[in-house]
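**Student:** What follows is each chain in one-letter form.
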Amino acid sequence: MFNYLVRRFVQMVIVLFFSAIASYTLMSLAPGGPLSFLAQAQIQINQEEIARIRAFFELDLNLPVRFSRWLIGLPRGPIEIGGQSFFGDLIVGCRMPIEQTVRDVNTGKMWTEVIGCVPGQDVTLNDLKDRRTSNGVAFGDFGTSWVLLRDRPVSLLIESRLPYTLQLMITSLTLAILIGVPIGAYSAVRQYSKFDYFVTVLAFFGSSMPTFFFALLMILVFSLIFKDLGWFWLPTGNAESARDFFIPLLGNVTAGSLLDKVLHMIMPMSVLIMVNVAGWVRFIRGSMLEVLRQDYVRTARAKGLEERVVIIKHALRNALIPFVTLVVFSLPAAFGGAIITETVFNWPGMGRLYFDALGRSDYPVAMAFLLITATLTVIATLISDLLYTVVDPRIRLH
Amino acid sequence: MATITSSNTIKVLSAEAMPEEVSQLQLVTKRFLRHRLAMVALVALLIIFVIAALAPVIAPFDPTDISVGNDFVRPGTAAIDGSGRIHYFGTDQIGRDYWSRIIYAARISLLVALIAQTISTVIGVIVGATAGYLGGPVDAVAMRFVEFLLTIPQLPLLLIISALLIQNKDALPIPEFLRNFVAWLLIIRSDNATQVIMVIAILSGFGWLGSSRLIRGVVLSLREQTFTEASRALGASDARIVFTHMIPNAMAPMIVSATLGLSGLIITEAALSFLGLGIQDPTPTWGNMLSSAQSYMFLYPWLPLMSGTPIFLCSLAFNFVGDGLRDALDPRLKL
Amino acid sequence: MLNNKKIVWLLAVLSAVSMIITACAPQTVTVVQTQVVTVKETQKVEVPVIQTQVVAAKSFTKPHPVLGDAKVRQAIAYCTNRNELIASVYPWLPKEEQGNLFMNTFIPRVHWANEDGADVVKYPFDLAKGQAMLTEAGWTAASPTAIRTNAKKETLSLKFTTTNAAFRQTWAAVFEAQMKKCGVEILRLHTPSGWFFGSTTGLRRRDFELGAYAWVGQTDPAGRTLYSCTQIPVAENDWQGQNYMGWCNKAASDAINAANNTLLKDDRKKFYKIAQVEFAKDMISLPVFQRAEGNAAVKALKNFKPSTTEYYTWNSHEWELDGGRDSLVLGLTQEPASMYSLVESAAVQRVVAKLVFGNATSQVDYDYQPHQLAKLATIESGLAKNNDVEVKEGDPVVDSDGNPTDAKGELLKLAANMKVQNAKGEVVTVKAGDKITMKQLVVTYQWVANKWSDGTPVTKADFELGYKQDCDKKSGAVSFITCNSIQKVDFTSNTEYTVTYKPGFQAPTYFLAPIGYYPSQQVIQSEKFKGKKLGEVPPEAWATLPEIAETPMGTGPYIIKKWDKAKSITLEANPNFYKGAPKIKKLTVVFIADTNQAVAQLLTGAVDALGSETLGAGNEVKLVLDAKDKIQTQIKASGTWEHIDMNLNVP
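Chains as they are written, first to last, in my numbering: chain A, 4 to 401; chain B, 4 to 338; chain C, 79 to 729.
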């Protein structure tokens, strides 16, 4: 077992390493980038100024060097051994690249490629000495944000969003399990009954409805229309309100109070619960149906056990094991949040942070997000693999 | 690493269960017909497909006809030109007939989903069947690669890639004839077809991951069956065994998962559009119609309702049909 | 900068490599036993060979086969029904207000520099005239609705590139239909703005035929980077400049340069007139409309005076609330990245910055008003002098383009072949050994006696720190054009300093203070520089300080008390504000990204005001307009204007 875990750990690190390379490369290929604002502002700008901005975003370094500095915080300068420094003149980038614009004769498509470096504008290892460098994500330092929280640590951004994401995701996942499991199990026990049909329709309804449509509809009905009618209404969005407000039946709600927070969470939570329950109910139903056909359930019934006991103790418990492996995969989602739901309800969560980071070219933030999610996915895979041995003792870890 | 759908949890029809093909087909058909919801859904889908196919005949208006000042007309209003035609679904912000746009969009949304699903199923089957049957290093390479891709969260990656591909809209060399064919099929201009092909490529590029794992699991279990050993003993080649025995036997779970997948694809296309990364105007799709209508949600709520409903209906119908197929083909399938 | 072929390659290689590596990893929970595989060769991907040509240094010299003809461009203008375009985007706006958005030149009609007389060719919608002009230009149509062709049987079809913003999709669709009526086929391409405005793509490489986008409206009409002959981006000048059309009209170019090298309004008007007349005549860029922008607030808010050229919080010190309320909630579309104005210039930052720092000067209605800068330092007021000086070779100068540096960023010294403006206002080319008489501005800026929000007075040292920091190359600022144009600064008292600019610096906005102030005596509390004074913190570290980025000390009407990241900023009235503490004691800025959500919050009373940066001008505005019993809505014709650039050349 110990051997297995060690091996799995090594494997995880390797997968993550390549996952990081892939994401980093994709990210740096994405057009736009932090310099694109220059085209829209009426300003005169010279090459020196552009070079300075490029250097700020480390765009003057070659991709592998940049990646290495991001990952492990190296190189930070020439290699120093016993007071001697080596490789100080090694070229690792270029401040002012010579670009050439090429045009495809047939399609008219144009692109720009770098064909060299302006003489004397090479960046060497020596030049890296004065730059600020992160310790590297491998050592828990996500570096500084480029845009969203300009020049300040990415971790600050994550810290500010994560509690809200966890709060929303964990509550909705928990509630979805609490709602989904009994419904799924019951509809399996009563297969082809009216209830079963009803649940099926509802489940498919949930998974067929585009989230943002459903979410906007909720705001329209439960906030705007209900408030106009003078009924009990729900706040349209945010995690909490900026000042006290009045709701019929409840009276005055103090800003920042528990009630205030709960009220704000109801709508986004309902949307997420609906989506998750819809996805899970069918799974639980299926796995329950299979278990109910097993011999040991028949045996239990034959022994004259009460039906309730058979279902809950014998059938449901076994049916839930594969479901648990599925739920484990919600772990990355619990961190990553839900982009669309968060956007519509203005929930200050991780999903929106990532979307903003992508949209505004804040790659250190986007990369941090991707890396953490990838890590959690790998961990979830491991947990689910371990759980398999519980499900099926025939599988051995080796 | 184990796969969720490993051989132990997936049961499929084995050859013994199918003594005679005709009776099996009859059995399946009978079971499917009994599934009332699935039947209703199938009929609904057929109607939608017929409408989409006949869009140029059925549409009362040209979907690109603009009439500024005749915007946001309520559903059921007569046309402004006095021709007696009716805007069944009203008009959009520049006076285009919404109903006509919806049925033209149906062609695009449905075809994008169908083509993407077909491609990803084919890739999934080839990769999954090969990996499962050959096992050993091939299996290891293929499955590690799939797992590697799965470590990168889907929607975020989708966002980056579509941003990348759509911005560099000539990144993939798309042959002229393919563009023209798609353009002809969807009744759009061929320069707009590029974007549609890109979105299909993006959707199918991810779709095959799941189906390859599924098929691999099925094949792994089939490999140990006696009929496989028998044909191997008779000297059949690997390719022959895979194509004549494995894949036909894996059809049932594949069809079911493909049908259910269609529902997901329609939603994903809409979500991509919502985030501004899908197929763009002037090519109408349900997704981009809904996403542009969402800013009128509070003012003209029927617009998002009209464009959201077909997405919802189709997705629902595909779900029911898939569910019915599962019950008909093998009620024990867990998908 | 990687091209597409490389992307495909990279992805292929990357996938191959990762497959190999992951395959080498030990296999675990499965029935199949794995072996380690060694793959000897990576797979090669065949990529079709694309025939390419390098865009030569002398690029974009050939006229565009269609748009090179002025007749066609003018015909396009006549065929465009701009009122209909406006109506398509702003259906909720009353007809007469829609008319206010119409433009004939590159300067809004209410601007002091606008020329709207008979000399400016106008292009009212005239289908017949447009069609006739196209026929005259050799583009004929078989039937009135057919796409036109020329003698060589080429069809009249043009690529129309713009971003995928929703309102652009709307008016572009209408524009496409309008062109069709004239027999012009428009191939619309809506790209993400990242590509269109990218640093090596789209506009910057003139990769378009018709390109639609907006210029942000400014109080000063500027325009030099847009229409001067020297500002045409081509390979040989490293794609510098924003004259994406490639328009070089000597009269217009000289006029626009002169307009930006002249100090007096009346003189500038004359130059802008020439530029506008030529602009309209040549029709190289069709102004489509000024954008509308909506600002909304609850009725209870008094003195809510948004202006199109100023952020709506500019007069927050005058705001009052009816009904005894003393707290106000503002909705803001995005969280400011930092309060450090040097590194963050987004509108959302400025909206909050106006609250914290107040106005040195404000820019209401295309004009400047002094606030904490006690007077505009104009020549008329006697605070500025434009002296004649003799300049010899090697002396620091500013050239006739207004640049204190060359393209590489080196500070300019008078040298042969350089173009400068002499004291008579003529642009001359310097010959070796020349001595030239040039104008030199010496300006004294007088400030009110200000107090920081902690009650300590603003001192000379604070201004000195402002100059030092803002002009430090490591401070994080983008452009140093003003710093590089300054010859010397004399800090004469706690409220006054005098700037001597380099000869040749004749920027029309010289009367605005170039140097601000920072609290040099503020003691830093945050970790790294704890106990040090702000003036002792190295310039590059400023952006990382919470005292600068989050809770900066200012002299404005409000003080930031708390910044709840991702949610809100809470501000309190500044008792030391030079005009007295504002009436509204507490102000909260809530971040709401989605416009639907922002409007919903305004309607349910969760927020009290939305500025144009948050409310925008989409159909959501109608919702606010409809609630006129609760909400006051002000619709403005924005200085930001949509236009269609016509690329005059092909590569």
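Mixed in with the good hints there might be a few duds.
Below, in silico cross-link-like pairs of lysine-lysine (PhoX-like), each with a Cα-Cα straight-line distance of 25 Å or less [as the list claims (entries may be wrong)]:
#1 A:Lys-264 - C:Lys-640
#2 A:Lys-264 - B:Lys-33
#3 A:Lys-264 - C:Lys-643
#4 C:Lys-640 - A:Lys-230
#5 A:Lys-230 - C:Lys-645
Worth flagging that the hints you see were computed from the coordinates, not collected in a lab.
**Student:** Hint by hint, say whether it matches the structure.
**Tutor:** Hint check results:
1. A:Lys-264 - C:Lys-640: 19 Å, holds
2. A:Lys-264 - B:Lys-33: 53 Å, violated
3. A:Lys-264 - C:Lys-643: 16 Å, holds
4. C:Lys-640 - A:Lys-230: 31 Å, violated
5. A:Lys-230 - C:Lys-645: Holds, because 24 Å separates the two Cα atoms, which is no more than 25 Å.
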